[in-house]
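Below, each chain spelled out in residue letters.
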Amino acid sequence: MSAPSTVRSTAVPEGRHDRLAQPRLSIAAILRRAAVVLLLLPIFLEFASRTIHAWNAPLLPYFFDAGPPLIPPGIHIKASFARKPANEYATDLWSARIDAPSLAHTRMRSGVFVLGDSQVLGYMLDFRQTFASLLANRMAGGPANARILAAPAVHPGHFEAMLKEYAPRGLEPQKLIIAGFNLGNDLDEMYSELFRWRKERSSIFSRWLLLHSFVFMDFRLLQNHWLQPGNEPVGVNPILYMLSPDERIILTREAVRKIDGALADPRLSAERKVVVITPSDYQVDPAQFEKYRKYYREESDFERWDQQMPAFASMMSALEGYAASQLTSRGYTVVRFSRFTAGHASAELFDDSSHHLTAYGHRLLADEIAHALESGR
Amino acid sequence: MIRTVVRRLAFALGFVLLLTLCSEVALRAFYPHPLVERYFRPARNSAGYRLSRNEKYQFFHNGRLINVETDDTGHRVVPGAPSDATCQIFVIGDSQVFGWGLTNEETIPARIQQKLGSKCRVINLGVPGYGPIAYAEQMRYLPQGAIAVVVQTEANDLQDAAIVHSAMTSRCGYLVSPAFFGQHLPCFVLSSYSLAKAIEIKVSIDPTLPTPVGFNPDTEAAARVLQYRVRNLYAEALNAQSNPTIFAVIPWDAAIQAARLTNYEPLLKYPKRLVDLPETSNLDAAFRSYSKPDELFQANDSHVSPVGADLVARVLEPQIADLIAQRTTR
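In order, the protein sequences belong to chains A and B.
Each residue of the first sequence is one higher than the one before, counting from 1 in the numbering used here.
Each residue of the second sequence is one higher than the one before, counting from 1001 in the numbering used here.
Extracted from the complex, chain A is given alone in its bound form (with noise of 0.2 angstroms):
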């Protein structure tokens, strides 16, 4: 007969079965701990990062994964950058910003809608506040009757794209369509394409974390500021000191292509199309570089480009002249925010720590395109 395992198991010196038994222990009890920290500590962190925050997203989420940048489909977050009053952004099930998310499952027709990047989405407003929003309540029968079809990142090389992505089989006919040409911004994205070959994938939990968690929010905003390129300087387009003139001007004319390319798609049939030109905030008023003084670690460096600053915004008058005659003998309307900014304060008009215009701008913007069609222009 052979003996129970018990009696065999007894048979270890008990010298020996403690010095077994002890790591073992102590093994378990630092998992057991481990594990209560990994679940609690995330728990904490968001609760903390929640509270700093106020409950309002520290960023607006956008996904490459479709190929250009989109915010996620039926998403509707509040949420505040830089400590600014918090907005709310919903999308409808195709990623295009809305005025509620009850119009998230319905497509538009005979509305305004908008294609271009943060600049046109009204980064840091309200749906209503903004340009797209203003015109259709003037005359599209109400400020909800408004799409605007852009993201963080945006240029005009994605317009087809995203169009594509938007409605495969071609867009519903609207009262207006405009595309929003952010000059500096766009001719910068178009060309720092060249160094961004591997786009950003996201695995659907880190997409679900982007968002739901706030602390993961966090952790890419100091990712983003981490890998911001130490020696570029805030507030100036790069493509002033990377390129020369005759390269910005077919940078230029590349932009006005791909503009063209995308509005001029037999499936996108609007009464009228527009482009609108936004300017750098330098361009309007070179004291607008001011704002961006924080940025710089050494005093010198921000003299250095601050005293450039007129001749930049010249340079950069001369290129949105140039995009906008192209634009023009192309058959569109084209309506450009510095020519018709005299006599308002640039404060007013941009935000005190971006590019990005205000809610006064866009109802300025809003009232110029509405005169721009009225006129016949």
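Take these hints with a grain of salt, some might be off.
Stated by the list, open to error - Listed next, the in silico BS3-like pairs over lysine-lysine satisfying Cα-Cα at most 30 angstroms (straight line):
#, chain 1, residue 1, chain 2, residue 2
1, B, K1269, A, K164
2, A, K78, A, K291
3, B, K1272, A, K164
4, A, K164, A, K273
5, B, K1119, B, K1056
6, A, K84, A, K294
As the list claims (entries may be wrong) - Chain B regions said to be covered by chain A (calculated; three or more residues, Cβ under 8 angstroms):
#, segment
7, 1205-1215
8, 1224-1231
Hints in this document: simulated from the structure, not taken from any laboratory.
Just so you know, these numbers come straight off a predicted model, no measurement behind them.
Yeah, the Cβ is synthetic: ideal placement off N, Cα and C, and Gly gets one too.
Fit chain B to the given chain A structure using the hints.
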């Protein structure tokens, strides 16, 4: 508790060090020659480096033993090049011209020399990592009356024109990244076989390269800017000297062999050339019409194989011969 953790960490570190040492000894026993190229030196040119002078170096590249020999001017030796010839042909380019993964006898300049015979001296000005900015710089300093052949690389030359300095620098004889590790690792670590093998494994796990900017629709606009820049660079260099110059472009390997598209990101459905490099030759047609396209490039590498180098030389030789004839007539 802390002491135990420290002891275990020290043990783990010691184990890793021992393992690295063992792998280094094993690799050195297995490979009688180094696994990485070490024949570069810093220079005051636009790239910031050039080839070492009078170097005789042998190393293993993808399992082949490669010999690299440089002359006293820091150019890769072209076997059979007559030193007393009055006619000189300078072949300018990057690693393709240098002959990455090829022996001295297999490089494009060596093949051109073999085809031309002893009537002219072919000089290999190819340096890995160089681009159009460096080519234009080299063109300016050629002796009067020399023939220049600029062999560009479609896979990366437009992109290389985006920045003045090369994306690499030279340290301890190696080409290294300008990032922290490249600039701070001690020379003995850079020359270790284990590091070379580790990099080789890392590359084999993720071999993806950027799709050439002239093919990538996302970079088309920027590529047109760079195309203009490259044309200008060459025009200015040609204005500075009046040497007869041939411009050729070695096509992107995936444009010739579509199966290689998966080596590149973003992944294209098919390779459509949107923006091209200036060219007075037509290597693309020769590569496309070649009966065995899979033999033209090295395995898992966008560089030309000995067969590809020979084809390039075969296409260029008649054009060079024409220029030599015109020069003689004059």
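So, going through the hints one by one against the coordinates:
1. With a CA separation close to 17 angstroms, the supplied pair K1269/B and K164/A stays within the 30 angstroms bound.
2. Pair hint K78/A plus K291/A holds up; C-alpha atoms about 26 angstroms apart against a cutoff of 30 angstroms.
3. About 20 angstroms separates the Cα atoms of K1272/B and K164/A, which keeps this hinted pair within 30 angstroms; it holds.
4. Proposed proximity of K164/A and K273/A is supported: the alpha carbons are some 18 angstroms apart, at most 30 angstroms.
5. For the given pair, K1119/B sits about 27 angstroms from K1056/B by alpha-carbon distance, which is consistent with the 30 angstroms threshold.
6. In summary, the hint linking K84/A to K294/A is supported, as the alpha carbons are separated by about 17 angstroms, within the 30 angstroms threshold.
7. Counting residues of the segment 1205-1215 of chain B whose beta-carbon sits less than 8 angstroms from any beta-carbon of chain A gives 4, enough to reach three: the coverage restraint holds.
8. For a cut-off of 8 angstroms, the count of residues in the segment 1224-1231 of chain B with a CB near a CB of chain A stands at 5, and the three-residue condition holds.
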